[in-house]
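Enquirer: One letter stands for each residue in the lines below.
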Amino acid sequence: MWCVNIVSSMSDLEHTGQRAINTVYAGLGRRYAAERRFRLYGMLAVLSGLAFLVVMFTSIISNGYSAFRQHYVQLTVEYDESRVDRNEPAASDFEGIVKSSMREMFPWMSGRSDKRKLYGLVSGDAAYAIRDRVGDNPSLIGSREALWVLLDDDADMFFKGYVTPVRRQLMSSGITLALEGEKAVLTGDEAAFEVIVTAVRDHLQAQLAVARKEFEDMGRLLEETEAGGDRDEVVRFKAKLESLRMQISGLQARISSTSLNEELGSGMPSFLINLDGVYIRINAITATGVSGVVFAEDVTGLPTIFDQWQLVTLEMPPADRRLSDKEIVVLLALQDRGQVESRFNSVFFTAGDSREPEQSGILGALKGSMYMLIVTLLLSFPIGVAAAVYLEEFAPQNQWTDFIEVNINNLAAVPSIVFGLLGLAVFINFFGLPRSAPLVGGLALTLMTLPTIIISGRAALKSIPPSIREAALGIGASRVQTVFYHVLPLALPGMLTGTIIGMAQALGESAPLLMIGMVAFVVDVPQGFTDPATVLPVQIYLWADSPERAFVERTSAAIMVLLGFLITMNALAVVLRKRFERRW
Amino acid sequence: MKLKTFLMAVAFSVSVLGAGQASARDYISIVGSSTVYPFATVVAEKFGRSTAYSTPKIESTGSGGGMKLFCGGIGPQHPDISNASRRMKKSEQERCAKNGVRDIVEVKVGYDGIAIANSKRGPSFELSLKDVFLALAKQIPGPDGKLIDNPHQSWKDVNSSLPDSRIEVLGPPPTSGTRDAFVELAMEGGAKRFADLKALRSARGEDEVKGLMAKLGIPMSAYNKKGKKVFQAVAHAIREDGAYVEVGENDNLIVQKLGDNPDALGVFGFSFLDQNADKVQGSRIDGVDITFESIAKGDYPVSRPLYFYVKKAHVGTIPGIEGYLKEFSSAKAWGDEGYLADKGMIPMPVNEREAFGSDIQNLRSMSQL
Chain A
1 MWCVNIVSSM SDLEHTGQRA INTVYAGLGR RYAAERRFRL YGMLAVLSGL
51 AFLVVMFTSI ISNGYSAFRQ HYVQLTVEYD ESRVDRNEPA ASDFEGIVKS
101 SMREMFPWMS GRSDKRKLYG LVSGDAAYAI RDRVGDNPSL IGSREALWVL
151 LDDDADMFFK GYVTPVRRQL MSSGITLALE GEKAVLTGDE AAFEVIVTAV
201 RDHLQAQLAV ARKEFEDMGR LLEETEAGGD RDEVVRFKAK LESLRMQISG
251 LQARISSTSL NEELGSGMPS FLINLDGVYI RINAITATGV SGVVFAEDVT
301 GLPTIFDQWQ LVTLEMPPAD RRLSDKEIVV LLALQDRGQV ESRFNSVFFT
351 AGDSREPEQS GILGALKGSM YMLIVTLLLS FPIGVAAAVY LEEFAPQNQW
401 TDFIEVNINN LAAVPSIVFG LLGLAVFINF FGLPRSAPLV GGLALTLMTL
451 PTIIISGRAA LKSIPPSIRE AALGIGASRV QTVFYHVLPL ALPGMLTGTI
501 IGMAQALGES APLLMIGMVA FVVDVPQGFT DPATVLPVQI YLWADSPERA
551 FVERTSAAIM VLLGFLITMN ALAVVLRKRF ERRW
Chain P
1 MKLKTFLMAV AFSVSVLGAG QASARDYISI VGSSTVYPFA TVVAEKFGRS
51 TAYSTPKIES TGSGGGMKLF CGGIGPQHPD ISNASRRMKK SEQERCAKNG
101 VRDIVEVKVG YDGIAIANSK RGPSFELSLK DVFLALAKQI PGPDGKLIDN
151 PHQSWKDVNS SLPDSRIEVL GPPPTSGTRD AFVELAMEGG AKRFADLKAL
201 RSARGEDEVK GLMAKLGIPM SAYNKKGKKV FQAVAHAIRE DGAYVEVGEN
251 DNLIVQKLGD NPDALGVFGF SFLDQNADKV QGSRIDGVDI TFESIAKGDY
301 PVSRPLYFYV KKAHVGTIPG IEGYLKEFSS AKAWGDEGYL ADKGMIPMPV
351 NEREAFGSDI QNLRSMSQL
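As you go down the protein sequences, you meet chains A and P in turn. Each residue of the first sequence is one higher than the one before, counting from 1 in this note's numbering. Each residue of the second sequence is one higher than the one before, counting from 1 in this note's numbering.
Only chain A is shown next, with the shape it has when bound in the complex (with noise of 0.2 Å):
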């Protein structure tokens, strides 16, 4: 604006010579500059402001978006009346009917470590669900269906994508199969497994880059030992540098070769053939074709010649992912049949927390959180909002009350763990009350969002115009009704703003929480204000350190509720304060 003036008083300048204009226009250019340079700084900081709000956005939203939908395996359940007993249903072996379907859908996976694995795949929850599916319905004992149930949390990864990246290519060059027992022997043209021979010469060739570079490193060790002259050394390394040398040609022929003759390594990319739902890993390649085991029980049955085939690439290697191949193969032929469905994570939304990710939820943090504000609330809003009353309208002016405002103002300054320590030597020790109860921690943020709402409700009375409170006593209304039937009214929706914000704050709190024992693994969902709880930033502190992939995902998912709640708060704040607050 006053670039503005000066231009319009340069006129005037202009009668009293041009020496002062002069030195006005000079200076002119720069100031120019440094009014576009900070208007420049203001803009690039709102911009990195927001820049960093959106990389937070995304990526929380990013990592957290797969956490609301949850992969779902189908079983032929068995009430067989062997396994469930009519009388006392609950005590009954759930998990063997559990693991009983699992055998009979892929009875090839027989070993004791691979029936581990087999089991593995579905989550612990299916045996409960299934008691409670019988416990129910009695009458469905002796009865067989089939049921959804919930997958394991490194089988739901391997829907999501976590676990590796699954290439499918459907090829139609034609193949033939031979079977030599357990062994599978698959011959065809080049262009059949060009993809697996490029995948070898790779591996190959990082072999190689990796045995040259130990030979260089070795050549100048050599170099170094024989100038120091210790004979011994130089003999050893010597030897060595002759096999690397052995081991570098091996591999360049290996490479150069045009009839490949190659065992599959384990730092390299799985390969799995289907063939019309049968999954043939492959282990060897050799110049007419490949071979690999069969992940089936019984092939006889199968055509020995294939015109089309599916071609499936597990990109990561079998040492660098939690599934093995074979429990990969067990996942795919469960998609193939139509057994795996992606839902809506409703257990998210209904469980409490729990050490299997799939089986986790949050409704007993948000629970916790709800208990916790509302005995917050029904604290501090009225103490908050008598006091401020009190403070502003009632209080002389004197040392004491300036003293009382003083201290008011520093505690709202206090860092929160205070609170949590005080809570813990006051209401924990000395009242008795129990650990990591909701009373206990909204006790403890009541002291700490009670300063907040004094101060926004002082202000909010003090915005009052005083004419209000003139008019009031003018026609005979005592203090106390003019302050009730006029000014407390009129500052309500200042004070409800104060309010809501000191409870957000509440809501994302968790240090003095930590003191109070809040900090817990609690399953259960509380059902009252002295029931073991945690709250929602405790729960995404706690998950975020659990060792399981699974609760990655899960966290963010719980961060995107918590802000979902603190934004909803907010904007409730920005809603209140627009349609209810008056100007005079």
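Bear in mind the hints are in silico, worked out from the structure with no lab data behind them. One or more of the hints may lead you astray.
[What the hints assert, rightly or not] With a cut-off of at most 30 Å between alpha-carbon atoms, the simulated BS3-like pairs for lysine-lysine come out as follows:
| hint | chain 1 | residue 1 | chain 2 | residue 2 |
| --- | --- | --- | --- | --- |
| 1 | A | Lys238 | P | Lys343 |
| 2 | P | Lys228 | A | Lys160 |
| 3 | P | Lys228 | A | Lys117 |
| 4 | P | Lys120 | A | Lys213 |
| 5 | P | Lys108 | A | Lys213 |
| 6 | P | Lys332 | A | Lys99 |
| 7 | P | Lys297 | P | Lys228 |
[Claimed, not checked] Covered by chain P, per the in silico footprint, the following chain A stretches (three or more residues, Cβ under 8 Å):
| hint | region |
| --- | --- |
| 8 | 309-322 |
| 9 | 428-437 |
| 10 | 521-531 |
These figures come from a predicted structure and were not determined experimentally. Ideal Cβ placement from N, Cα and C applies to all residues, glycine included.
Once you've looked at the hints, dock chain P against the given chain A.
Expert: This is chain P only, laid out in the frame that chain A set:
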């Protein structure tokens, strides 16, 4: 007017809630080590789901913090069980006794290995405990045998067969049980490889200890009549010049940071290595790979036992404690192929399992430490 009734209602409800508290607790309260936490929680959850009892509440307070709460006294406001990633200390047992907690059942549950790992993108390390000590100790024996401030900057300085990369180890802070075990097992183990330090550890009597201290150049202000204490002060001191970075108690954070920085090594529990085998690789220590089997057999040098302690006076008054103990000591939990093994805990050998199993069954109190 309305405000008044409102305030009264609040006061009333709060007093009612407070009064309701006097009655006993109906759930088990467990506190203690953050290392045992992931295992205890699994057992608690299974116990809660398969029985009519409430699911136990478990707080992760650290071993020391847990013991403090546990030894606070008898009664529903005090926890029933305390987890620990080390044995109970004599001082803690005395504190317990002073507060009336006399009969305590000690249960060892299994073992945990501490991994020294780095990103899969980096070279794999083969370390000896001596290397670990030489790389991370604040003071190491110099060429003349006297202690000097650790001069090593690169792993190659420590041992010429190691890669030439800067020493940067991410690990837990001193409040963590993992750190306690790391300094006790790895750092002490490494320090013992030096003859003078080893002699100091077993030295007794003023002349012997002072003589060794002079030889090592340790100031006499650090004198203690037990040579072991002086030794521990040397072995437990981790350098503070940036080679060892404290990352907080969150092992996941360490794993994440290792992924971003292929040159750094990290110190964390085996279960995190197990879960992140696609991202990080454990170093071989003293020629032993960190695997489930090597820890179980006791070959891997940096592993520690895990415990929990039960307040006998609460058995019978707090519902479900016997059931929880039974669940924990069942073969499907702590057995060789139990669900705790799936979560990364290393089971005890059969004879140890049987011994502690019978302690649980008879609720045998631990003896004076």
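Enquirer: Just to be careful, I want the Cα atoms of lysine 228 (chain P) and lysine 160 (chain A) compared with a cutoff of 30 Å; is the pair within it?
Expert: violated (54 Å)
Enquirer: Holds or violated: lysine 238 (chain A) and lysine 343 (chain P), Cα atoms, limit 30 Å.
Expert: violated (47 Å)
Enquirer: Holds or violated: the region 309-322 of chain A covered by chain P, criterion of 3 or more residues with Cβ-Cβ distance under 8 Å?
Expert: With 5 residues close enough to chain P, the hint holds.
Enquirer: Is the Cα-Cα distance between lysine 297 (chain P) and lysine 228 (chain P) 30 Å or less?
Expert: OK: lysine 297 (chain P) and lysine 228 (chain P) at ~28 Å, within 30 Å.
Enquirer: Tell me if the straight-line CA distance from lysine 228 (chain P) to lysine 117 (chain A) falls inside 30 Å.
Expert: Measuring from Cα to Cα gives roughly 48 Å; hence the hint is violated.
Enquirer: Could you grab the alpha-carbon distance between lysine 120 (chain P) and lysine 213 (chain A) and see if it respects the 30 Å cut-off?
Expert: holds (19 Å)
Enquirer: For the region 428-437 of chain A, does the count of residues with a C-beta closer than 8 Å to a C-beta of chain P reach 3?
Expert: Result for this restraint: holds, n = 7.
Enquirer: Lysine 108 (chain P) and lysine 213 (chain A): Cα distance at most 30 Å?
Expert: violated (49 Å)
Enquirer: Count the residues of the region 521-531 of chain A whose CB lies closer than 8 Å to any CB of chain P, then report whether that count reaches three.
Expert: As far as the region 521-531 of chain A goes, the hint holds, because 6 residues have Cβ atoms under 8 Å from chain P.
Enquirer: So if I understand the rule, the pair passes when the alpha-carbon distance is 30 Å or less; does lysine 332 (chain P) with lysine 99 (chain A) pass?
Expert: holds (15 Å)
When each numbered hint is compared with the structure, violations occur for hints 1, 2, 3 and 5.
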